[in-house]
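What follows is each chain in one-letter form.
There are 2 protein chains.
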Amino acid sequence: MQHKTITELEELALGVLFKRLTDRLYSSIDQVYRDCGVDFQGSWFAPIVSLAAKGSQSITELATDIGLSHPAVTHISKQLLQAGLIQESTDPADGRRRLLSVTALGEQRLRELQPVWDGITETTRDYFSRAGHDVFRVLKDYEQVLDSGDLVGDMLVAVRRQRRAAVEIIAYQPELAQDFYDLNAEWLKKYFFIEARDEQILRDPEQTIIQPGGAILFARFQGRIVGTSALIKIQPGCYEITKMAVTERYQGLGIGRQLLEAVIQHFQQLDGHQLQLETNQKLSAAVALYQAYGFIPIAPPAGEKTYQRADLYMRYQPDQTGVNPSA
Amino acid sequence: MQHKTITELEELALGVLFKRLTDRLYSSIDQVYRDCGVDFQGSWFAPIVSLAAKGSQSITELATDIGLSHPAVTHISKQLLQAGLIQESTDPADGRRRLLSVTALGEQRLRELQPVWDGITETTRDYFSRAGHDVFRVLKDYEQVLDSGDLVGDMLVAVRRQRRAAVEIIAYQPELAQDFYDLNAEWLKKYFFIEARDEQILRDPEQTIIQPGGAILFARFQGRIVGTSALIKIQPGCYEITKMAVTERYQGLGIGRQLLEAVIQHFQQLDGHQLQLETNQKLSAAVALYQAYGFIPIAPPAGEKTYQRADLYMRYQPDQTGVNPSA
DNA sequence: AACATTTACGTAAATACTGATATAAGGAAC
DNA sequence: GTTCCTTATATCAGTATTTACGTAAATGTT
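Those sequence lines, one after another, are chains A and B.
Using the working numbering, count along the first sequence one by one with no gaps and you end on 646.
Using the working numbering, count along the second sequence one by one with no gaps and you end on 646.
These are computed hints drawn from the structure, not numbers from a lab.
Bear in mind that the values here come from a model prediction, so they are computed numbers and not experimental data.
Honestly, I wouldn't trust all of these hints.
[Stated by the list, open to error] Partial chain A-side listing against chain B, Cβ under 10 Å, derived: (1) Gly-334; (2) Lys-338; (3) Glu-431; (4) Arg-449.
[Stated by the list, open to error] Taking lysine to aspartate or glutamate pairs in the DMTMM-like style, the calculated list, with each CA pair at most 25 Å apart, reads: (5) A:Lys-397 with B:Asp-342; (6) A:Lys-459 with B:Asp-445; (7) B:Lys-459 with A:Asp-342; (8) B:Lys-459 with A:Asp-453; (9) B:Lys-509 with A:Asp-358; (10) B:Lys-397 with A:Asp-342; (11) A:Lys-459 with B:Glu-441; (12) B:Lys-459 with A:Asp-466; (13) B:Lys-552 with B:Glu-518; (14) B:Lys-459 with A:Glu-441; (15) A:Lys-509 with B:Asp-358.
[Unchecked claim] Just a sample of chain A residues kept apart from chain B, beta carbon distances all over 10 Å, derived: (16) Glu-407; (17) Asp-410; (18) Ile-488; (19) Phe-512; (20) Lys-552; (21) Glu-580; (22) Lys-601; (23) Val-606; (24) Leu-608; (25) Gly-622; (26) Leu-631.
Yeah, the Cβ is synthetic: ideal placement off N, Cα and C, and Gly gets one too.
With the hints as extra help, turn the sequences into a complete structure.
This is the structure we're talking about:
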């Protein structure tokens, strides 16, 4: 695997880059305050300017205006009160609210800071023109896109697509016999137990499935075999889906869906006309998946049960469902 | 004073904007890790990717590579060690160094995370194109400008210029008589004491300075009188600079320099041919300023001292100095 | 070799926040 | 007017980070 260095990661390292620039700007501006001999801190800037602009605000109003949590605003306002730059008064109309406003001393300090801020603004503009971009404008545009979209949701969709693209469906090979056993033993032991017929099939899949004209498919994800599904030929043109398993660690990635699609596709290539399966209500995720792909419940077949755990029998009838399987 | 709201502050609020976006990105990406069911944190990203890219690194190397302090890297590496994603070994060539490298499990986790990161990258690119800017490119360009320049230094220069532009030099008005007294009393009391001649001049500047053909100038900064300087006519064409004061709170802003420049200019407008002053070595900042503007020490005048504190007499001879007064 | 300086790293304390929880005031529903 | 829900805020605990400082190994200097 060829790794990339941090700087080569581009968009992925955007957060790191943002953080670096934030730290840099904050410490530079604090340094300027110190060197200018003004008693002021970077964290005071947003609150006091917001208060000066809007007259007087409560803790919560201030917090939403400057984009901090209210405990943070409580903390900073304590410092500003102590420095005498703001004053507090309880709202006569609402005893819970503590109204903050800038004092005369605060106004005076703001006037004193004006040339400092003008200098900082001037330098910032100068650096923007040297960089060839109006960085502020760009960031504001970006923020607006973030506001209008659902970043986390969109990322999750993209991740799901990427993960799906990383899953390969491969055919049976003798080396995979052990995987076939292990994957099925995992869920059988978890929910039920390994019955005699399970043991027979899992121990010798070539004789029990492949030879009679069935198939076994596997899902490979990042080099690992993470899921499987089998198609057993019951009679000519009549098949059964069985031994479908996805290892727990990789469930929720749509691997089961891909296996089912592949198995149905294989059934169609074999020109089968009937496809059924036996399952258990307990396996609700699997049942939901079968339904989404057009399997409908049918009456249990006559005679003795093949598997003790079976309590739901389904048949593939895609035309009668209006369900979109990729939803 | 017309205040601006936070969002109208533009460049000045750049830090605030950066911080907001950083927090947003970090929390979004952590959310994606959680929702994807991977055991991974945003703060692990930079260290493990750097280690994977460079094979093995010491704490300090890693810290400089990812732009964090070494205690931060120590802390994160503890978490990564505990999660089994990295391993440590002491450098055989240097017993102080602890070499960190990615374990097989770590490599496995990196492979698992690849689709997640691909999804994040894809979404980020998508958002960039929606915003109409290659935000990453813009920030990299901006960072490069920051690297090549001296942000704090440049800001301080700009601040000094802004502050200087905010200082006005104004002529004497009767209402300012009290300021003239107070400003001089401040430094006289701090370093020496108010002598009889001081009291006489400060109490009645109009009779003692203005009437005989001299002048008094004041520096006004943000509406406040913060400094003063006087020019006394000793004989026709012969003047003395005296009663130069800048209130302590506003020293270091170049106000003394501006007063001195203004007083010399006034002297030149009066077609004076001789300009001198009396001072004291203790006032080293003032003495340095006088020298920078072309005042050179001269022998004390004969006869009784005008002021007891005087121990240095200077005369204006600008042609003989090669000093640049604005340096 | 003895000593001082530099370097690598850990630990402790400080800082700057967030999230969760508690509390009290206000408002709405019956 | 109770009762219940909502809102405003304080406080506490937790997290992620920095600065400051100490220790030990390595390196340089006399």
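Hint by hint, here is what the structure shows:
1. Gly-334: Gly-334 (chain A) check passes; min Cβ-Cβ to chain B is 4 Å, inside 10 Å.
2. Lys-338: holds (5 Å)
3. Glu-431: Since the shortest Cβ distance to chain B is 6 Å, the answer is holds.
4. Arg-449: holds (5 Å)
5. A:Lys-397 with B:Asp-342: holds (23 Å)
6. A:Lys-459 with B:Asp-445: holds (16 Å)
7. B:Lys-459 with A:Asp-342: Satisfied, since the Cα-Cα distance of roughly 15 Å is no more than 25 Å.
8. B:Lys-459 with A:Asp-453: holds (13 Å)
9. B:Lys-509 with A:Asp-358: holds (23 Å)
10. B:Lys-397 with A:Asp-342: Cα-Cα ~24 Å, so holds.
11. A:Lys-459 with B:Glu-441: holds (21 Å)
12. B:Lys-459 with A:Asp-466: holds (23 Å)
13. B:Lys-552 with B:Glu-518: Satisfied, since the Cα-Cα distance of roughly 18 Å is no more than 25 Å.
14. B:Lys-459 with A:Glu-441: Holds, because 21 Å separates the two Cα atoms, which is no more than 25 Å.
15. A:Lys-509 with B:Asp-358: holds (23 Å)
16. Glu-407: Non-interface label stands for Glu-407 (chain A): nearest chain B Cβ at 19 Å, farther than 10 Å.
17. Asp-410: holds (21 Å)
18. Ile-488: holds (16 Å)
19. Phe-512: At roughly 28 Å from the nearest Cβ of chain B, Phe-512 (chain A) sits farther out than 10 Å, so the non-interface label holds.
20. Lys-552: holds (35 Å)
21. Glu-580: Since the minimum Cβ distance to chain B is about 19 Å, Glu-580 (chain A) lies beyond 10 Å and the statement holds.
22. Lys-601: It holds; Lys-601 (chain A) is separated from chain B by about 22 Å at its closest Cβ, greater than 10 Å.
23. Val-606: holds (22 Å)
24. Leu-608: Label holds. Min Cβ-Cβ 18 Å, cutoff 10 Å.
25. Gly-622: holds (42 Å)
26. Leu-631: holds (28 Å)
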